[in-house]
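In order, the protein sequences belong to chains G and F. Just so we're aligned, residue 1 is where the first sequence starts under my numbering, counting upward by one. Just so we're aligned, residue 1 is where the second sequence starts under my numbering, counting upward by one.
Possibly wrong hints are sitting among the right ones.
Heads up, the list lumps identical chains together, so a pair's fine if it works in one copy or across two of them.
Claimed, not checked - For lysine-lysine, the following DSSO-like pairs were computed, each having C-alpha atoms within a straight-line distance of at most 27 Å:
| hint | residue 1 | residue 2 |
| --- | --- | --- |
| 1 | 40 | 106 |
| 2 | 129 | 40 |
| 3 | 39 | 14 |
| 4 | 39 | 256 |
| 5 | 230 | 14 |
| 6 | 14 | 123 |
| 7 | 58 | 40 |
| 8 | 90 | 186 |
| 9 | 106 | 90 |
| 10 | 106 | 256 |
| 11 | 14 | 106 |
| 12 | 14 | 267 |
| 13 | 39 | 230 |
| 14 | 267 | 106 |
| 15 | 123 | 58 |
| 16 | 230 | 40 |
| 17 | 204 | 129 |
| 18 | 14 | 129 |
| 19 | 14 | 256 |
It should be emphasised that the hints constitute simulated quantities derived from the structure, not laboratory data.
Number of protein chains: 2
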Amino acid sequence: MINFFSINGELVPKEQAALGVTDLAIQRGYGLFDYFVVKKGQPIFFEDYLDRIEQSAKWLRLELPVTREELRVQVMQLIRANGEQEAGIKIILTGGYSDDGYSPEKCNLVILEMPPPSYPASKFEQGVKLMLYEYHRTFPSAKTINYLVGIYLLPQQRAANAEDVLFHSEGHLYETTRANFFIVTKDNTIVTASEGILHGITRKHLLRLARHHYAVEERRPTLEELHTAKEAFISSSTRLLMPVVQVDDVMIGDGKPGPRHLLELMKEEVERYLES
Amino acid sequence: MINFFSINGELVPKEQAALGVTDLAIQRGYGLFDYFVVKKGQPIFFEDYLDRIEQSAKWLRLELPVTREELRVQVMQLIRANGEQEAGIKIILTGGYSDDGYSPEKCNLVILEMPPPSYPASKFEQGVKLMLYEYHRTFPSAKTINYLVGIYLLPQQRAANAEDVLFHSEGHLYETTRANFFIVTKDNTIVTASEGILHGITRKHLLRLARHHYAVEERRPTLEELHTAKEAFISSSTRLLMPVVQVDDVMIGDGKPGPRHLLELMKEEVERYLES
């Protein structure tokens with residue numbers, strides 16, 4: 001049972017976990033977050049996520065109110081207090097309580113725990129559809145809480161039966177609202193944007209594994225390449241790798257779901273992490 | 001003394017006014033707000049602001065949990081409870097408590113009251129400087145809580161001794177982070193963007209007053225026009241009209257502050273509103 005969240009280092013019954021309404025996330029949407037999966041009570045790729053939180057904070061000029069070690073301890077205390085072996089953890093760092101409603105103050109640090117996400121097996125077996133939208137995220141390399149466009153598009157996304165929205169700009173494909181995007185060309189080259197995106201932790205590990213089996217080009221795929229790609233997929237901490245078989249009206253390749261063996265390799269990588 | 005805020009229709013001592021951390025403003029920066037000035041206990045141009053909140057909510061597909069009349073009553077109850085004749089009121093509507101951390105739920109409605117802003121008289125007498133930044137707001141016609149860019153730029157803005165940041169894109173001038181922007185050309189034409197901006201309530205009233213004295217062109221001024229403009233100014237609910245005498249390194253006209261009599265006309269308009 002998840003009974004607690006952590007607010008500025010204190011475990012709080014989750015129904016009472018709150019931030020004052022002058023917080024800059026509520027007044028101005030100013031904050032960052034990160035999210036990782038917990039298996040067997042262990043945060044997967046924990047140090048990678050701690051790195052990224054530090055990078056996002058640096059980008060947004062927010063000061064973490066704790067050391068890296070203290071943050072690690074707070075996360076582990078929350079996991080222990082809730083007693084769940086499998087979960088998702090979200091760390092949010094906000095601009096703090098701002099009297100003038102604009103200037104960042106001492107940051108608020110919130111840690112939420114939630115049930116692990118689950119996806120129907122069919123999505124991995126049959127692949128999913130993405131919906132295109134022309135947009136380029138503001139400060140894409142920082143994991144800010146700004147999801148204005150993605151949430152705004154939810155009704156269209158659901159109407160299109162799309163798993164996620166794929167952002168493109170000036171003919172180039174970047175990322176989805178919550179995942180990195182990859183194509184596999186006919187000559188078995190994996191192509192994925194390396195700039196203008198959030199650098200996914202799963203993306204990093206996937207590319208490392210993929211280099212043993214594929215050529216990898218870190219450049220933005222073009223819209224045209226959707227028509228000639230053999231396969232496509234998205235990566236995220238919750239999905240690891242999910243095949244994409246359709247983008248808007250474009251069927252990818254022969255419609256067969258993307259590189260299944262790479263998903264298996266990634267699952268093995270997570271197991272190796274847990275055993276190390 | 002401002003002792004209370006209003007949370008979903010209830011007056012709450014302001015130190016206890018809080019939202020649970022699963023609110024979509026905290027998790028995803030998803031929400032909208034509006035802000036207006038109170039004089040002699042009366043919200044100035046109240047119906048205009050209620051109109052705009054309804055428009056912003058429609059844009060973001062958020063449902064106001066109250067009728068317009070109930071919202072009006074909640075605002076007046078808060079003003080009465082705090083007993084201040086001069087103040088600022090901020091209404092925030094968030095995406096609500098979201099279990100999946102992404103889908104909007106029943107919105108939370110927060111009303112904050114704060115001391116009225118005050119600007120040194122010198123800013124009106126001598127004019128201010130703006131700093132340029134290339135950016136175009138996402139969904140500019142809705143007053144979303146997304147101020148990622150403006151707050152990120154605060155240290156640069158302060159270092160430049162700039163009053164605000166003026167957004168431009170592809171050679172055109174749009175708006176500042178929190179105000180509309182206008183130039184006055186040598187032939188006494190007021191030029192201000194009418195698309196790709198937030199339609200300020202003060203902007204609306206100013207333009208109506210200005211049409212008796214100036215030609216008005218509602219189109220985006222260009223960067224080049226900064227070099228030939230006679231005057232420039234910004235408008236907002238707190239400043240009404242503030243002269244701009246410098247943008248980055250460009251001095252506007254002969255450096256004398258913008259249309260002073262238009263500011264006087266606007267002050268009279270506010271007085272007329274109070275007496276009506």
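- Query: Which of the numbered hints are not met once you compare them with the structure shown?
  - Reply: Violated hints: 1, 2, 4, 5, 6, 7, 8, 10, 12, 13, 14, 15, 16, 18 and 19; rest satisfied.
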